[in-house]
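> Here's the letter readout for the chains.
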Amino acid sequence: MKRNSTIKARPLEIILDQTVLFLLFGFVIFMAFVKPSFLAWWNIQSILIDVSIYGVVACGMTILIIGGDFDLSASSQYMWAQILFVTLLNATNNPFISIALTLLSGFILGTINGLIVTRFRINSFITTLGTMTMIRGLCLVFTNGKMVSTLNPFIKRLGSAEFLGLSSLFYIYLSVLIIISLMLAYTNFGRRFYSTGGNLEVARLAGINTAFQKTAGFSIMGILCSIGGIMLVAQLRAGSTQYGTDLALTCVAATVIGGTQLSGGAGSALRTALGMLVIVVLYKALIYLGLQAYYQNLVKGLVLILVVMFDLFMTRRRAIRH
Amino acid sequence: MSKKLEARYLRDKVVKILKSQGVLIGLVLIIIIASIVERSFMTASNILNILRQASAIGILSLGVTFVMMTGGMDLSVGAIVSLCSLVAVSIMNGYAQAEGANGVALIAILVVMALGFLIGMVNGSLIVLFDGRLGETFIITYGMQIVVASLALLYTGGQFIAGTFGTGLYQKVSEGFTPIVCFLALAAIMHVILAHTRFGKQMSFIGANIDCARMSGIKVGKLRMITYGIGGMCAGFASIIVTSRVYSASPLQGSGYELDAIAAVVVGGTSQTGGTGGIINTILGVLVLSVLSNALNVIGVNANAQLLVRGAIIIVAVGLDMLNKNSAMRESAT
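Chains as they are written, first to last, in the numbering used here: chain A, 1 to 322; chain B, 1 to 334.
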């Protein structure tokens, strides 16, 4: 679909296809005029760190959305990863074992989601609404709603390490992004997500194990949520049920802004990365302009609605055209 | 031989009843277990208490049932309850200081229901404008939830409003059997609409197959919009019952209510993809969840652990429903 539109290049189409970039440049230029310090290096660094942590989870959300699914429980999984990781670190004092176990737990939670969706054929929205509530309950029972923190030196070094002026977290994100993008574009396994999301029945008849594919999507999502949680702990050296309540829907918004359609079957992780950049720049700009927190939320909600409306509008337009 | 057949027939019948009345059986089981474990569960005052608490969430769930019947989802109803609570209490505080100012109370109720209806219609029109499906309804109504919740917070600057109005009609709404009667009366009206009018049948049709419904000449967009409006209106009415009970309003009054309402609808058996279910199912779902949550409270399970139970119940209820449907399909295929 993408290739088609570049061959028959129409001016309007090109602009609409590159909305993300235009939005991004628009924001940045606007902010540079209003508050020149917005482009200060430390602010750019902080934007990139935020993009990295949420972006890792957004990669997983992109895979799921391409495959025609959805994960509302990402926020809860992310919280659980933080809490589990901090607890393990404090208990074992061994960062590698803690990381491995946290990733394993993410894999298990994601796989459970996937198995419920595929075995019982429950819509992924409802499934993950249920698991979201459950995992959140688990976090609250585990911590009693309190914040947990760690003083582990390795994690402190991981969080504050820099290379070429950029945080180590950014490089973790970059490698995840590259791996996921390559997987989606060049491996059979990755491409099967597109067929599964494009038309489930056709994919099944073509011999693709769609149940496996969907479950694998959720498993990857679980692992990526754990990575995100670990990255947040590296940055804050703490975990809490308060961090990341808006994660799931922010990731969806980033995916949609990036141009991946909610109906599934198309999209890419790189575009989601751009979408995430737009969102984080917008949020930072709102904070930077000194807007009251309630107004910030108002704008976030409006942006989410506008983005989905825009996505729907584009989908319907394309459907009419073909 | 015939005896064997008869036994098998009987067994099939029992299984069928067990499957179709699963929610009712669950409800009875919960009540029996809770009353064995804790004597104080089965007292008249506790039962009245359960029903009174169930009525606010119940009214909310009735609206959500309509929305889910047409294959949609409404995550914004909790935020609508918050905003409407604030508006209702500030109207009452402003104009009903005297005792027995029933006219003002009536106006407050009507204003709040109109406000809820309006917000619901905004939801509906956003969704209908480009023909959004289940996924989009989730995200658009989630966006509306954030927007309406921030409006509620902005309305009072995050403060909660204590009630200072005089006693009268407004407070009577939550006294004695009134909330229960309100809930049941509204349920009866909505049941008749859903099961016995053309409007209701068309709604079920849209939930079952939206494209097919459109091709048969049903005004899909208009109908879907109205269901969201009704959902919002129910939320407005629920806010009256809640604020009347607690005699105050907080901008976070209704946060999380939407999950309770959705859980009630889903547990009752109104299908996630629309088309099947109904008001009676929802009433059962509301009863199951409120009896369960009360039972857990009485037994002494804390609120956090109850989240675990609630999440599990949503999944198990929908899972059983899907298994049921799959086996029914297999039966009709053979």
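Hints are computed from structural coordinates only; laboratory data are not their basis.
Possibly wrong hints are sitting among the right ones.
Stated by the list, open to error - Here are a few chain B residues that face chain A, going by a calculated C-beta distance under 8 Å:
1. Val128
2. Gly132
3. Gly135
4. Ile146
5. Val147
6. Phe160
7. Ala162
8. Tyr247
9. Ser248
10. Leu307
11. Arg310
As the structure is a computational prediction, the values presented were derived from the model and not from experiment.
C-beta: ideal position from N, C-alpha, C; glycine also.
> With reference to the structure, classify each hint as holding or not holding.
How the hints compare with the structure:
1. Val128: violated (11 Å)
2. Gly132: Holds, because the Cβ-Cβ distance from B:Gly132 to chain A comes to roughly 6 Å (cut-off 8 Å).
3. Gly135: holds (5 Å)
4. Ile146: Holds, about 3 Å.
5. Val147: For B:Val147, the interface hint holds, since the closest Cβ of chain A sits about 4 Å away, which is under 8 Å.
6. Phe160: violated (15 Å)
7. Ala162: violated (21 Å)
8. Tyr247: violated (25 Å)
9. Ser248: violated (20 Å)
10. Leu307: Holds - the Cβ of B:Leu307 comes within 8 Å of chain A, reaching about 3 Å at its closest.
11. Arg310: holds (6 Å)
In this structure, the hints that do not hold are numbers 1, 6, 7, 8 and 9, in rising order.
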